[in-house]
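In the order they appear, the protein sequences are chains A and B. Using the working numbering, the first residue of the first sequence is number 1, and each one after it goes up by one. Using the working numbering, the first residue of the second sequence is number 1, and each one after it goes up by one.
Keep in mind the hints are simulated off the structure, nothing from the lab. Glycine is no exception: its CB is placed at the ideal position from the N, C-alpha and C atoms. There could be a bad hint or two in this list.
[Claimed, not checked] Each pair of labels, with its calculated beta carbon distance range: (1) ARG166(A) - SER272(B): 16 to 26 Å; (2) PRO336(A) - ARG213(B): 26 to 36 Å; (3) ARG213(A) - PHE335(B): 48 to 58 Å; (4) PRO191(A) - ALA68(B): 37 to 47 Å; (5) ALA68(B) - GLY99(A): 56 to 66 Å; (6) ALA68(B) - ARG166(A): 48 to 58 Å; (7) ARG213(B) - SER272(A): 12 to 22 Å; (8) VAL450(B) - PHE405(A): 36 to 46 Å; (9) ALA14(B) - PHE405(A): 33 to 43 Å; (10) THR215(A) - GLU81(B): 48 to 58 Å; (11) PHE335(B) - THR215(A): 22 to 32 Å; (12) VAL450(A) - ARG213(B): 54 to 64 Å; (13) PHE335(B) - ASP404(A): 18 to 28 Å.
[Claimed, not checked] From the structure, some residues in chain B lie toward chain A, with a derived Cβ separation under 10 Å: (14) VAL82; (15) GLY231; (16) ARG239; (17) ASP257; (18) VAL370; (19) LEU403; (20) GLY407.
2 protein chains.
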Amino acid sequence: MPAERDLLHAPPEAVVVGPELFASALVAQGVPVRRIDWRPPEGAEGLASLWCDEVDAANRVALDRVLAAHQILVDVRPAIEVVPGMTRDTVLHAGPPIGWERMSGPMRGGIVGALIYEGLATAWEDAERLITRGAVRFDSCHHHAAVGPMAGATTASMPVLVVENRHAGNRAYSTLNEGLGKVLRYGAYAPDVIDRLRWFRDVVGPALGEAVRRTGGVDLRALIAQAVQMGDECHNRNRAASALLIKALAPEIAGLDLAAAERSRILAFAASNEHLFLNVGMAACKAAMDPAHGVPHSTLVTVMARNGTEFGIRVSGLGEQWFTGPAGTPQGLYFPGFGPGDANPDIGDSAITETAGLGGFAMGGAPAVVQFVGGTPADALAYTRLMYEITLAESTAYRLPTLDFRGTPTGIDVRLVVQTGILPQIDTGMAHREAGIGQVGAGLVKPPRVCFDRALEALVRARAGAGAGSGPR
Amino acid sequence: MPAERDLLHAPPEAVVVGPELFASALVAQGVPVRRIDWRPPEGAEGLASLWCDEVDAANRVALDRVLAAHQILVDVRPAIEVVPGMTRDTVLHAGPPIGWERMSGPMRGGIVGALIYEGLATAWEDAERLITRGAVRFDSCHHHAAVGPMAGATTASMPVLVVENRHAGNRAYSTLNEGLGKVLRYGAYAPDVIDRLRWFRDVVGPALGEAVRRTGGVDLRALIAQAVQMGDECHNRNRAASALLIKALAPEIAGLDLAAAERSRILAFAASNEHLFLNVGMAACKAAMDPAHGVPHSTLVTVMARNGTEFGIRVSGLGEQWFTGPAGTPQGLYFPGFGPGDANPDIGDSAITETAGLGGFAMGGAPAVVQFVGGTPADALAYTRLMYEITLAESTAYRLPTLDFRGTPTGIDVRLVVQTGILPQIDTGMAHREAGIGQVGAGLVKPPRVCFDRALEALVRARAGAGAGSGPR
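Kindly produce the complete structure, drawing on both the sequences and the hints.
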């Protein structure tokens, strides 16, 4: 053990961690100093003011709402009929608000495809003209109780899943999953992509809606709980949940008054898509998180979302504000023929799964997901273990057999993220950075830390402005 | 550390492990002796003769056949049409051959129910008269390339799953799973049990057969591989495999020319049964093991099966012989209202899953199964790790994410079981010991060691008789 011998035989040495003032005072006295560059977290003083009973109590209120969520898939309807504020000229998109000029390739591709699908444009140039003359209303899905994976393009005639939170009474919405490869959400807009969306609108949506209504509602909390015990984390691995959803709906779909070939085609499409459940799960997570938003003083993160350019978060106690930073690029495994140069920065509302305690936070229960996103089962367990450091609770519904049935880490606390420097672990799909191509792989990514630093500043300002009721502990 | 102090300060002491000859010689010389009762395994000398190249080579041939098995579900047909040797007056049963007089309650119940279902008897007394006058031919399922869970009663008009092993060309058969609770296989024979079997015969069997034929065959090796990565061990946990099977067949069932209500009812029944896949998986395991049987000199176990009275094994190199011992009673979790006094001794052909590297051997990848059979996820991992000690290979198809995608322990070697004293770990259902009641719980059980000791003796005799080609190593 040479280090110990040095300790006994070498002359003592001063090590200064942080303040240069101390180091230079020692140097002035002729004492050799080893400097270690460290500073307390940005806004550490402000952070201290947030560790108080009032904030804790607010977080308990918000968290209890998340944990009590009981999500039921109750219907599938055209967006125009159910999504609040939806209009014929609206295109909802993933992530924080963004204008056309700053949108990434896959986001633009998804939006152009949606405009073509709606009959509002005939081709790219036509769509761009429409957009630049201000004839299209863009808005974040999240502003409409909706979530969309990747580009997240959601328009009036698209059928959306209607998920009701039976505990709080709110509803959340998401489009139907199109499968992998060349699909609208990854920025593809070729005729076959549009044709699939029209089949969704004319056949699949109405059929699913009827089937769901006949079941009286599919209990998604129970379904996700089961899927988590079957190795899904419900972001990048949805095999179990998709099969369980088919199991729940197949008896009703088989009984629909449709041509035999159409009944078969709907179920064959569903069976061919291992990510069928992704959008359902996202809507369930959105339905769980929305009631937790708007609790004064709460430091709970209620939204994490990306538009392909920026990563944005929203915090329960901070109203409608977004706290954004540049989106990172996922690291992971590429489909054959693609490599790191092809990947767009992080995109999509699917990080709502991590926000609600699934996805990267539940990877430890989904060891097989590493075959899709890279790493080893031990890494997956380590990610989940680490996420307990920045969350306030453990899910009472979603339990991990690989961790002796411990609940998944749930409820990201801005304070804990800033204090520990540990960022939320997201596992996600990767879109090609150019419009029109599609998915290129899947991997791991983290939000930029600046989102949390800015949210913390705003929380501190809000408390200072409000004249905090109880002092820091 | 008192033990170490004793070592230094106490006078030396002789410890004799085994031979009394040594111990008594020391005693005669006035030396104090601590005796430890230990004997080398029964037939240790014979065992040595089996560790030779010829046996190893035979086992490689047998194992290669197991590992190369490629099982496809190709049809569902009435047993009389496809099961070799089936006749109108035959009742096949689980486990080694047994006569009526020695059968346990649930075995008798299942057989009486089958006779009533076939219209050969009207009630218990009538069935018993028929049997005692010799009008019913009993035989083991295993003698007919078939496997039946629990009582395993299989008769002429029952629809059976037809599983083809595309590698070896053989086929294996099993009845349809009836769900949990009061079912024929657990010895219940009430009118609702019989009605369900008639619905199977008249509606479900023909519909499933047509659906399976339309798919062109369901790849069971791929399906089981997937299910194992989703936390099934395919004996007591079949949630993933059942959902995947529904996913595979639902598109075709939905397209069948049947009344809408009947299509729905078939799928609703399938969806309600988390053990839907059990019999399919058993037939797949039987289809994998049968080609490995009959390799001269091979010490590979090709069958483990229980009739509720005896546990029996068959060994590749030992032809049609069974090596039996008294069946143990599983230890585990009971359904509400039942307890240990209610459980029948171990029963059913479902231990074919363990024989083929699934079930208890794959528990380490199915941590959630402990909620059904008892214990902890760590126990489940330990069982799987232990089974590598008595198996000759690791599955190339079935890989466990929780063990870094290691293949399941596959191919029980009689030599290794006798040498290590480690018995195969089986996790299984528990039937009520009286006829007519049904399942009472699920748990863990092991074969009696005597099966393996007897098989070893037979292997040694066979080699001695044949004049072994190569000496022991």
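Now for the hints, and whether the structure bears them out:
no. : hint                              : verdict
1   : ARG166(A) - SER272(B): 16 to 26 Å : holds (23 Å)
2   : PRO336(A) - ARG213(B): 26 to 36 Å : holds (34 Å)
3   : ARG213(A) - PHE335(B): 48 to 58 Å : violated (34 Å)
4   : PRO191(A) - ALA68(B): 37 to 47 Å  : holds (45 Å)
5   : ALA68(B) - GLY99(A): 56 to 66 Å   : holds (60 Å)
6   : ALA68(B) - ARG166(A): 48 to 58 Å  : holds (51 Å)
7   : ARG213(B) - SER272(A): 12 to 22 Å : holds (20 Å)
8   : VAL450(B) - PHE405(A): 36 to 46 Å : holds (38 Å)
9   : ALA14(B) - PHE405(A): 33 to 43 Å  : violated (50 Å)
10  : THR215(A) - GLU81(B): 48 to 58 Å  : violated (37 Å)
11  : PHE335(B) - THR215(A): 22 to 32 Å : holds (27 Å)
12  : VAL450(A) - ARG213(B): 54 to 64 Å : holds (60 Å)
13  : PHE335(B) - ASP404(A): 18 to 28 Å : holds (24 Å)
14  : VAL82                             : violated (27 Å)
15  : GLY231                            : holds (5 Å)
16  : ARG239                            : holds (6 Å)
17  : ASP257                            : holds (7 Å)
18  : VAL370                            : holds (8 Å)
19  : LEU403                            : holds (8 Å)
20  : GLY407                            : violated (14 Å)
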